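Asker: Single-letter residue listing:
Protein chains: 2
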Amino acid sequence: MQSYKIPLVPGPTSVPRKYREVYLTDYGSTDLEGDFFALLAENISLLRQTLKTKNDVVIGSGEAMMMLWGAMKSVIRPGDRVLAISNGLFGRGFAEMAEAVGAQSECLEAEDGNFVSVEELEKKLKEFRPDVVTAVHCETPSGLLNPIADIAPAVADSGALFIVDFVASAAGADVRVDEWGIDIGLLGSQKCLSLLPDICAMTVSERGWQRAHETAYNGYDAILPWEKALEIKATPYTHNWHANAALNLALKCLLEEGLENSFKRHAEAAAYCRRRALDMGLKLYAAEESLASPTVTAIMVPDGWRWEDFDAALREEGLAVGGSYGALAGKVFRIGHMGSQADINLVKQGMDIIEKVIKERA
Amino acid sequence: MQSYKIPLVPGPTSVPRKYREVYLTDYGSTDLEGDFFALLAENISLLRQTLKTKNDVVIGSGEAMMMLWGAMKSVIRPGDRVLAISNGLFGRGFAEMAEAVGAQSECLEAEDGNFVSVEELEKKLKEFRPDVVTAVHCETPSGLLNPIADIAPAVADSGALFIVDFVASAAGADVRVDEWGIDIGLLGSQKCLSLLPDICAMTVSERGWQRAHETAYNGYDAILPWEKALEIKATPYTHNWHANAALNLALKCLLEEGLENSFKRHAEAAAYCRRRALDMGLKLYAAEESLASPTVTAIMVPDGWRWEDFDAALREEGLAVGGSYGALAGKVFRIGHMGSQADINLVKQGMDIIEKVIKERA
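If you read the protein sequences in the order shown, they are chains A and B.
Counted the way my numbering counts, the first sequence spans residues 11 to 372.
Counted the way my numbering counts, the second sequence spans residues 11 to 372.
Rather than coming from a laboratory, the hints here were simulated on the basis of the structure.
Keep in mind that a hint or two might mislead.
Think about it this way: if two alpha-carbon atoms lie no more than 25 Å apart in a straight line, the pair counts; the simulated BS3-like pairs of lysine-lysine are [claimed, not checked]:
id : chain 1 : residue 1 : chain 2 : residue 2
1  : B       : K243      : A       : K341
2  : A       : K243      : B       : K341
3  : B       : K293      : B       : K366
4  : A       : K243      : B       : K15
5  : B       : K369      : B       : K341
6  : A       : K262      : A       : K62
7  : A       : K28       : B       : K28
8  : B       : K358      : B       : K293
9  : A       : K15       : A       : K28
10 : A       : K274      : A       : K262
11 : A       : K293      : A       : K366
12 : B       : K238      : B       : K62
13 : A       : K15       : B       : K243
14 : A       : K358      : A       : K341
15 : B       : K262      : B       : K64
None of the values given here were measured: they were computed from a predicted structure.
Using the sequences plus the hints, can you model the full thing?
Answerer: Shown next, in the form of structure tokens:
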């Protein structure tokens with residue numbers, strides 16, 4: 011297996027050995043043991059602290075997008091109007107998922123590298139009167155951290171259900187589920203928590219559950235059976251004990267470091283990354299530095315390079331970064347300084363290589 | 011964490027240390043590395059050998075039931091007639107899932123501890139003319155191994171799409187996907203492969219893909235995006251490299267042991283388990299021993315015992331077995347001798363404890 015000395019992919023991030031070692035433990039059956047449900051309950055409590063919420067938290071097995079899809083089906087009804095605030099692939103993905111559920115969806119799309127203004131949003135909310143508003147906190151493919159706090163009051167005023175994907179921000183940037191009025195919030199494991207992509211979590215507000223009851227979606231991926239899972243000690247499918255144990259350790263490490271310290275570590279690594287990029291004459295994708303995410307930096311592929319050649323040259327030097335998708339494919343490359351990779355020394359090694367590769371070609 | 015000296019739960023089975031050690035490896039990003047897709051391709055080839063098929067195999071991340079649900083949505087259309095052959099909870103579950111997809115479903119239910127006869131099935135197929143027939147190979151909650159080979163010709167004659175769950179049989183009992191004409195077949199990891207519940211696989215016939223194209227389901231859990239995943243080196247969501255590496259090792263160990271040897275090991279452990287149970291005056295749930303699964307034995311809870319007390323008494327002695335669900339809850343207990351637990355010495359230790367606990371009370 012080819013491995014890279016300097017892993018700076020924007021997720022899955024490099025998994026620290028202490029988290030991988032958790033998988034050595036010989037656990038019993040999640041379906042039958044009280045110990046497992048005690049662990050699940052503790053993880054829920056740790057996630058509430060991490061995400062600053064009193065809401066219910068559902069912990070699912072597998073990758074986060076599958077759980078999000080189950081949630082979309084659980085709270086969106088055919089004919090509902092869904093407004094997807096977007097400045098990238100994941101934002102638009104919400105609109106597509108809503109259409110697939112049978113909703114009428116619209117994208118409120120920002121200009122390249124920007125985010126919608128509160129005024130634009132307020133206007134759109136009045137015109138479209140959505141039942142549901144979706145947003146992405148860290149739009150990973152664009153490297154943007156969207157100011158959810160700024161738009162939250164307008165969404166709240168509209169009365170729409172608010173669904174936010176904070177998969178690539180939470181733990182690396184401040185997420186305030188209750189303050190921002192997020193009804194359904196999505197967290198993944200393989201980004202700032204630096205775990206395997208085998209577990210995910212979702213916050214669900216009282217209004218979220220109420221909507222799920224009204225929708226009464228009864229698919230196998232429905233969120234409703236999770237509402238009383240802890241109480242009745244039964245999950246809709248066999249859960250992953252190892253993944254929960256690793257999540258437990260990662261959350262405890264995070265809270266021991268302190269949320270504010272983690273945010274600071276991410277912000278510093280990101281600021282260093284951006285400064286180095288600008289110093290070597292590269293152009294950031296974000297229109298304003300305030301929109302650049304502390305977890306991932308999107309940079310325009312240097313002039314004169316095809317992305318594939320640039321990528322190959324970096325990899326030859328032991329550096330793995332990410333490309334992008336959709337409209338940004340081939341135009342943007344991304345440095346993931348999140349979780350275990352939010353480390354100035356690691357980022358410095360990566361930026362040194364980028365500088366070397368560009369200089370050698372020039 | 012409470013752990014048991016003698017783990018005989020019918021899945022998740024005890025995970026051998028060599029499989030857990032795979033998780034220590036530091037892998038890169040599945041989304042970007044060619045090495046990952048080479049591993050995926052090898053796993054598909056190993057699964058084809060294991061399941062005796064030339065069909066496509068899709069390997070999904072997470073628990074098998076979620077993938078089955080995506081498959082049901084992908085090949086069943088509202089209004090389709092779905093016949094669920096059943097002698098237990100999982101068999102009936104297919105009918106419920108089909109109803110949830112909007113199909114018209116009927117259960118062809120066997121008497122307690124029995125399986126439907128070919129004559130009953132043929133009659134039902136003529137009357138109901140189903141578009142899809144579903145069956146469960148090992149009905150775990152009932153401890154029954156259903157003779158799919160016997161009913162396969164009738165299903166094939168009917169022209170219906172054939173969906174079979176072999177989660178708790180494959181690798182421990184012979185599964186012949188091509189010979190039995192299975193269009194969609196489901197495999198889990200936490201049963202006879204003794205892996206974590208973090209990966210699953212599905213065989214898809216040409217007719218299965220054709221049906222998926224006609225149905226054109228475009229949910230996030232749809233199976234269609236997997237059709238060309240290897241070719242375009244892209245999976246619908248971030249896959250789990252560690253789980254694929256563990257699957258690779260487990261399949262290689264299985265094929266090195268030899269499928270026939272594994273089936274024999276399971277059959278012998280099961281025969282031993284049943285003989286000991288009968289010798290101590292217990293009653294098997296299976297109406298005929300030929301229907302009893304080589305992977306799990308369902309036994310009636312001994313006279314004079316509440317299941318909860320029996321379970322607690324066994325656990326006090328270090329033995330973990332399973333109860334059952336639905337109509338069999340409290341009436342049947344189950345010994346899982348599958349995968350790593352298909353070991354006569356381990357089963358002997360378990361049966362000794364059961365004998366001791368029953369004798370002490372008598």
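Asker: Regarding the pair K358(B) and K293(B), is the alpha-carbon distance no greater than 25 Å?
Answerer: Satisfied, since the Cα-Cα distance of roughly 18 Å is no more than 25 Å.
Asker: Would you check the hint for K243(B) and K341(A), treating anything up to 25 Å between C-alpha atoms as holding?
Answerer: Given pair K243(B), K341(A) holds - Cα atoms ~20 Å apart, limit 25 Å.
Asker: Taking 25 Å as the top limit, are the C-alpha atoms of K369(B) and K341(B) close enough?
Answerer: Between K369(B) and K341(B) the Cα gap is close to 19 Å, so the pair holds against 25 Å.
Asker: Between K243(A) and K341(B), does the CA-CA distance stay at or below 25 Å?
Answerer: 20 Å, holds
Asker: Would you mind confirming whether the straight-line C-alpha gap from K15(A) to K28(A) stays at or under 25 Å?
Answerer: 18 Å, holds
Asker: Next pair to validate is K238(B) with K62(B); report whether the Cα-Cα distance is within 25 Å.
Answerer: Satisfied, since the Cα-Cα distance of roughly 21 Å is no more than 25 Å.
Asker: So if I understand the rule, the pair passes when the alpha-carbon distance is 25 Å or less; does K358(A) with K341(A) pass?
Answerer: 23 Å, holds
Asker: Within 25 Å, alpha carbon to alpha carbon, are K274(A) and K262(A)?
Answerer: 18 Å, holds
Asker: Hint check: K243(A) vs K15(B), CA-CA at most 25 Å. Holds or violated?
Answerer: 23 Å, holds
Asker: For the pair supplied as a hint, K293(A) and K366(A), is the alpha-carbon distance within the 25 Å limit?
Answerer: Holds: K293(A) and K366(A) sit about 17 Å apart, inside 25 Å.
Asker: Given the hinted pair K262(B) and K64(B), is their alpha-carbon gap at most 25 Å?
Answerer: Answer holds: K262(B) to K64(B) is near 18 Å, not above 25 Å.
Asker: Hey, K293(B) versus K366(B), does the alpha-carbon distance stay inside 25 Å?
Answerer: 17 Å, holds
Hint compliance for this structure: no hint is broken.
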